[in-house]
Amino acid sequence: MQAAAAMTDQATPVREPVYQLRNVGKTYARNAITALEGVSMTLTKGSFSSVIGSSGCGKSTLLKIMSGLIPPSTGRVVLQGRPVTGPRRDIGMMFQQAVLFPWRTTLENIVLPIEIRDGKAAAKAAEVQARELLELVGLKGFENTYPSELSGGMAQRASICRMLITQPAVLLLDEPFSALDELTRDFMNMELQRICTSRGATAFLVTHSIQEAVILSDVVYVMKPRPGRVAEVVPIDLPRPRTLDMMTTPKFGALVEHIRSALDKEAFK
Amino acid sequence: MSNLETIADRSPAAEDDTVWTEHSSWIDRVPRAIQMLFVFVVFVLLWDTVTRFGFVSPIILPTPLETFNDLIFVGKNLVTGGYMLPALWITLKEVFYGFLLAIAIGFTLGVIVGETAFGERAIMPYLVAIDTMPKVAFAPLFVAWLGFDIDSKVALAAFIATFPIIVGTAAGLHAADTNSRNLFKTMGATRWQTLVKMKLPMALPQVFTGLKIGSVGVMAGAITGEFLGGGKGFGELIRTAASQLNTPRVFSLILYLSVIGLGLFAFVSWVQRRFVFWHKERVSAGGE
Ligand SMILES: Nc1ncnc2c1ncn2[C@@H]1O[C@H](COP(=O)(O)OP(=O)(O)OP(=O)(O)O)[C@@H](O)[C@H]1O
Ligand SMILES: [Mg+2]
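Top to bottom, those sequences are chains A and B. Going by the numbering used here, the first sequence opens with residue 1, and the numbers climb by one from there. Going by the numbering used here, the second sequence opens with residue 1, and the numbers climb by one from there.
In case anyone wonders, no lab produced these hints; they're calculated from the structure. Because the structure is a prediction, the values reported are computed rather than measured. You can take every hint at face value.
Selected chain B positions facing chain A (Cβ under 10 Å, derived; list incomplete):
hint, residue
1, D177
2, N179
3, N182
4, T186
5, T190
6, K197
7, M198
8, F275
9, W278
Computed spacing ranges between beta-carbons, pair by pair:
hint, chain 1, residue 1, chain 2, residue 2, range
10, B, F148, A, I70, 53 to 61 Å
11, B, A122, A, E135, 46 to 54 Å
12, B, V44, A, S151, 47 to 55 Å
13, B, A137, A, E127, 51 to 59 Å
14, B, N179, A, S151, 15 to 23 Å
15, A, K140, B, I130, 51 to 59 Å
16, A, G200, B, N179, 23 to 31 Å
17, B, A122, A, R15, 53 to 61 Å
18, A, K140, B, A117, 39 to 47 Å
19, B, F96, A, T85, 48 to 56 Å
20, A, K140, B, D131, 46 to 54 Å
Straight-line Cα separation of at most 30 Å, DSS-like style, residue types lysine-lysine; simulated pairs:
hint, chain 1, residue 1, chain 2, residue 2
21, B, K93, B, K76
22, B, K197, A, K140
23, A, K45, A, K251
24, A, K140, B, K185
25, B, K76, B, K232
26, A, K140, A, K120
27, A, K124, B, K185
28, A, K120, B, K197
29, B, K93, B, K135
30, B, K197, A, K124
31, A, K45, B, K185
32, B, K93, B, K232
33, A, K140, A, K124
34, B, K185, B, K197
35, A, K265, A, K251
36, B, K135, B, K232
37, B, K185, A, K120
Don't be surprised by glycine CBs; every beta carbon is placed ideally from N, CA and C.
Please put together the full structure from these sequences, using the hints given.
Next comes the structure, spelled out in structure tokens:
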């Protein structure tokens, strides 16, 4: 555990830390399951990290703790110098399904976080930014469409806009594109990379896809189940910006193979 | 590419369109209105046969023609402002106030029970217990408390219609999924904001289901109240006609009442389509 923490710190030593987790553990009181144990990591400003691991190894639990949705049982979570003790405005979160509300138009859905934070007038004023964001993700012209008329990929892009409208310092993504087909997914991942770079946002992605983790990340955390902990930290030193072509390079292949064997080892231990 | 095209061109399948139609029974192609008319005609013919050849005494079951004539008579009486119009007006008032009261109480209790843990744990069991009682049996009590005027009928109508609205509202408030709840939490929404901007809109389809069931119950409540507690409403007209063995009148009065009930139900459905426009699929499918 200590080793893992040390490695994290070494991965990108020069940049300013945004998110710090120290020895985070979680035991669900209801069923006494230890979902997480001794997880330590440091996310630096503008970095992209992914966590990968078998089903049930505590990835969603980790994300919920980081976002302040549930408290950890042990350890310390600090975001931008302040401990996380509940939902925070500098955190943007995205879920596996696009959670759009069917009685609001796309635009109204996107300004919802502003409406909740600062009221209706502020939400009205934020529509300018919302339109810019929609253009950024290629949804121009769908401002007044209701979510039922959007495809799965379009709905996910709209959720990205909603996450970005509050200009959060970190983006927490729980398998955001796993419901999409592979082509759309690749496209969305490249979009995500572009958005993160252009905004200098720090991103943390939960995924089941090794390729997705490698192509997007600076660091990949490989998790081990029962209890969930970080087994290996794999720095990805592919050049940026990443392109889909890189997926055919030997270096990419080697990294994927490395993570796959690490996962295999953990899965059958 | 060109190779493939040549092969495709030569194959016999490319020469003819394989257009075909799904076979459907001829009866499915008859317009709905005609199907409904058919059932109606068969029903009236059967009814006519049964009464015309004396299988059933005319006191028990009037002929269709008698009933039709009486429908015209009652209709004329209502349109020309005869003695039945004030009676109809009274019943309409009972239904209207009863429904308003049921909506106000039902919605409030539904929110308390559906939103607060205290309501769910401490109040819900009592509501369930009361709901299982035969509510009509309370009519004499309401008469004793509120008198023979419309108040006691309004109370009974509201009493019957309140429970489906409570259940619909409470169940609807539980309909919000974990992702939506988590999203509102991460946005830092207050409990009030979560209720007003997420849970209540999500509950609307079920609230309206409760309202529709309530709209049927409110009619039954008002008429039962009139049967058991007197007054000058439509229920009293039915009771009088029945005691005079004027069965055609009873039938036509019931038909007029059902038109009112249908109207109320249709009105609630119309409001639902206006406000829950985003829930189209299930609105049209679940016409109750
Ligand atoms: N609310 C909860 N109450 C009790 N136990 C829970 C709860 N949520 C998760 N768990 C348990 O914690 C463990 C980790 O769950 P978690 O959802 O974090 O896994 P995951 O890595 O996200 O899995 P997946 O890849 O399938 O989404 C599981 O064993 C699960 O049973
Ligand atoms: Mg998960």
